[in-house]
Amino acid sequence: MTLPPEIVSGIRRAVAEHGGVRAAMLEALRLIQHAEGWVSDARLAAAAELLGVTTAELDSVATFYSMIFRRPVGARLILLCDGAVCHLNGADAVRDAVVARLGINPGETTADGTYTLLSIACVGGCDRAPAAVLGRDRKLTGPVFPDNIDALLADAG
Amino acid sequence: MSALPLTGRAARDRKPHALNEWRALGGYESVVHALRGEPLQVLEQVERAALHGRGGAGFPAARKWRFMPARGTTPGDGANYLIVNGDEMEPGAFKDRLLLEALPHQVVEGAILVAYACHASEVIMLIRDAYRSAIDGMERAIAEARQAGLLGTDILSSGFSLEMRVHASAGRYIVGEETALIAALEGGRAVPRKRPPFPAQSGLWGRPTMVNNVETVSCVPHIVTQGPDWFRSLSLTEEGGTKLFGVSGRVRRPQLIEAAMGTTARELIERCGGVSGDGVLRCFQPGGGASGFLEAAELDVPLDFAHVRQAGSSFGTGTLIVLDGTACPIGVVARHQRFYARESCGWCTPCRDGLPWVSRILDALEDGTAVSEDLEVLRMTAAQAGPHGRTFCDLMGGAMSSLASALERFSALFDEHLAGGCPQRVASR
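Line by line, the protein sequences give chains A and B.
Under the working numbering, think of the first position of the first sequence as 1, with each following residue one higher.
Under the working numbering, think of the first position of the second sequence as 158, with each following residue one higher.
What the hints contain is simulated information worked out from the structure, not anything from laboratory work.
The beta-carbon is built from N, C-alpha and C at its ideal position, and this holds for glycine as well.
Treat the hints with caution; some may be incorrect.
[Stated by the list, open to error] Among chain B residues calculated to face chain A with C-beta under 8 Å, some are:
#, residue
1, Gly233
2, Glu247
3, Pro248
4, Tyr288
5, Leu342
6, Arg346
7, Ala347
8, Ser405
9, Leu456
10, Arg492
11, Ala540
12, Gln541
[What the hints assert, rightly or not] Distance windows between CB atoms, simulated:
#, chain 1, residue 1, chain 2, residue 2, range
13, B, Trp514, A, Ile104, 27 to 33 Å
14, B, Asp524, A, Ala42, 41 to 47 Å
15, A, Arg13, B, Gly482, 55 to 61 Å
16, B, Arg180, A, Glu6, 47 to 53 Å
17, B, Gly363, A, Asp155, 42 to 48 Å
18, A, Thr114, B, Trp362, 40 to 46 Å
19, A, Gly157, B, Asp234, 53 to 59 Å
20, A, Ala42, B, Ala175, 40 to 46 Å
21, A, Thr114, B, Gly503, 29 to 35 Å
22, A, Phe145, B, Ala305, 44 to 50 Å
23, B, Ala181, A, Arg13, 33 to 39 Å
24, A, His34, B, Leu197, 40 to 46 Å
[As the list claims (entries may be wrong)] Sample of chain B residues at the chain A side, in silico, Cβ under 8 Å:
#, residue
25, Met246
26, Gly249
27, Ala287
28, Phe317
29, Arg322
30, Ala325
31, Gly344
32, Gly406
33, Arg407
34, Arg409
35, Leu413
36, Ala498
All chains should be built: construct the whole structure from the sequences, respecting the hints.
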């Protein structure tokens, strides 16, 4: 599979700006994910070929970074903080409420492909714990309450 | 002059300043001033100001800069690098988020000065993925500064040239470790490497590299414009300046507080409206997830790197995590270990295998399914892994500090957990 031309030009620009092919690997993955929401096997292989590295090498980078997605994720992304400070402020109850409402566990996507729920720490929102980071813009929100999950879901888009 | 140099100019809604707004507030005057003198003058000012690095280790900033060779004195082509570390992810830390989001020009201004002082020709601002608005704001600030001739070739006709760009990271706590960060910028997996050689001798692409925290860099413009004596006078101790303290956990009004270096936990907790929950302090961590617990007897320890070390903990990122009488320290340690286990890069066996083991045992203690041999595993792992352990970096040693101090201070509580799980399951508020 070939890459869309805008991703190809983006990767070429990244190679020039980052001082080499290897340094641009993460940026290449970010560009693909930005356009398509995740990095498929086919895209990964095409990007590796364009960069002149092996697929395995690029995949070792892709799978190292927790925010490069190698599986499809929902358009609505919910990153719930499970760090100690959020825990002290009731994060477990929030997680349980979201899990019950969406019917998925952290690390999963709803069957209709709408929501993806992930656990993450720390999101840098300890003054508003329990905190979450939402959507493509990684909007910080909090405190989140178990009885107000609807607002959280609405903001996740 | 404001006694809140770091945060005094931040807008309440955290909206970053445009360049002209920043200059109207005195922004970049430090650069105009510094570039008229020699790099060594900036370094010496910062040395006299007793600025200790704010990333966690507390090493004197100027002493670290002295390891950087002058431009043109190392063989080979290529840049000398300054990397501004904005990969804030330490449990409990939320200070760099404010500096990056609300005050990007302060970071750019500081980075120009640090680059000048330590002979860097290129600055890379590494910012974590979750801080997207900070990434956007920083890219705008850099573009504005370049447009105004504050970056680029022959800045303000001084002969000093400097390039600057943002590197957006993609998760993983270990990226904040300085040698892992260099590996990340070189494009591979962010795996730390052994030191020496230190990055100042051989860092990014084998070139001299300085890595400084966002808050460290943000202090420098104030030292240059107001002078080292003024900066030192802001502090209550021998370590200069103010500090951004993040106070959270079981306090009534968790918040970020800029206060004199050496401010006590007692004062900070009072400024947050006191302890919440049952109102009784059980313990606190003075420096984030990788710091040992302190208790009420240590409430009046001046919070700086030297005093907190003396008290048996570490000041880390200046991040106070407060536990009241109804909060279980073992539950907190369990969350920390779960975090560090997840974030281990997996390179060194004790960390890759030891942390998940510890994490599982702590979960079992909470559930009441642990057995007495498990406590021995916790003690053994804490004793052997930290603080100076058998791993390339300090992730595991740092992780073990909360466990080691909990085992020491709350041994009866561990026995209670062994008997039947957590007696004080942390209630949701």
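Going through the hints against the structure:
no., hint, in the structure
1, Gly233, "violated, 14 Å"
2, Glu247, "holds, 7 Å"
3, Pro248, "holds, 5 Å"
4, Tyr288, "holds, 7 Å"
5, Leu342, "holds, 7 Å"
6, Arg346, "holds, 4 Å"
7, Ala347, "holds, 7 Å"
8, Ser405, "holds, 4 Å"
9, Leu456, "violated, 19 Å"
10, Arg492, "holds, 4 Å"
11, Ala540, "violated, 22 Å"
12, Gln541, "violated, 24 Å"
13, B:Trp514 x A:Ile104: 27 to 33 Å, "holds, 28 Å"
14, B:Asp524 x A:Ala42: 41 to 47 Å, "holds, 43 Å"
15, A:Arg13 x B:Gly482: 55 to 61 Å, "holds, 56 Å"
16, B:Arg180 x A:Glu6: 47 to 53 Å, "violated, 36 Å"
17, B:Gly363 x A:Asp155: 42 to 48 Å, "holds, 45 Å"
18, A:Thr114 x B:Trp362: 40 to 46 Å, "holds, 43 Å"
19, A:Gly157 x B:Asp234: 53 to 59 Å, "violated, 48 Å"
20, A:Ala42 x B:Ala175: 40 to 46 Å, "holds, 43 Å"
21, A:Thr114 x B:Gly503: 29 to 35 Å, "holds, 32 Å"
22, A:Phe145 x B:Ala305: 44 to 50 Å, "holds, 45 Å"
23, B:Ala181 x A:Arg13: 33 to 39 Å, "holds, 34 Å"
24, A:His34 x B:Leu197: 40 to 46 Å, "holds, 43 Å"
25, Met246, "holds, 6 Å"
26, Gly249, "holds, 5 Å"
27, Ala287, "holds, 5 Å"
28, Phe317, "violated, 21 Å"
29, Arg322, "holds, 7 Å"
30, Ala325, "holds, 7 Å"
31, Gly344, "holds, 4 Å"
32, Gly406, "holds, 5 Å"
33, Arg407, "holds, 6 Å"
34, Arg409, "violated, 12 Å"
35, Leu413, "holds, 6 Å"
36, Ala498, "violated, 11 Å"
Checked against the numbered hints given earlier, this structure breaks hints 1, 9, 11, 12, 16, 19, 28, 34, 36; the rest are met.
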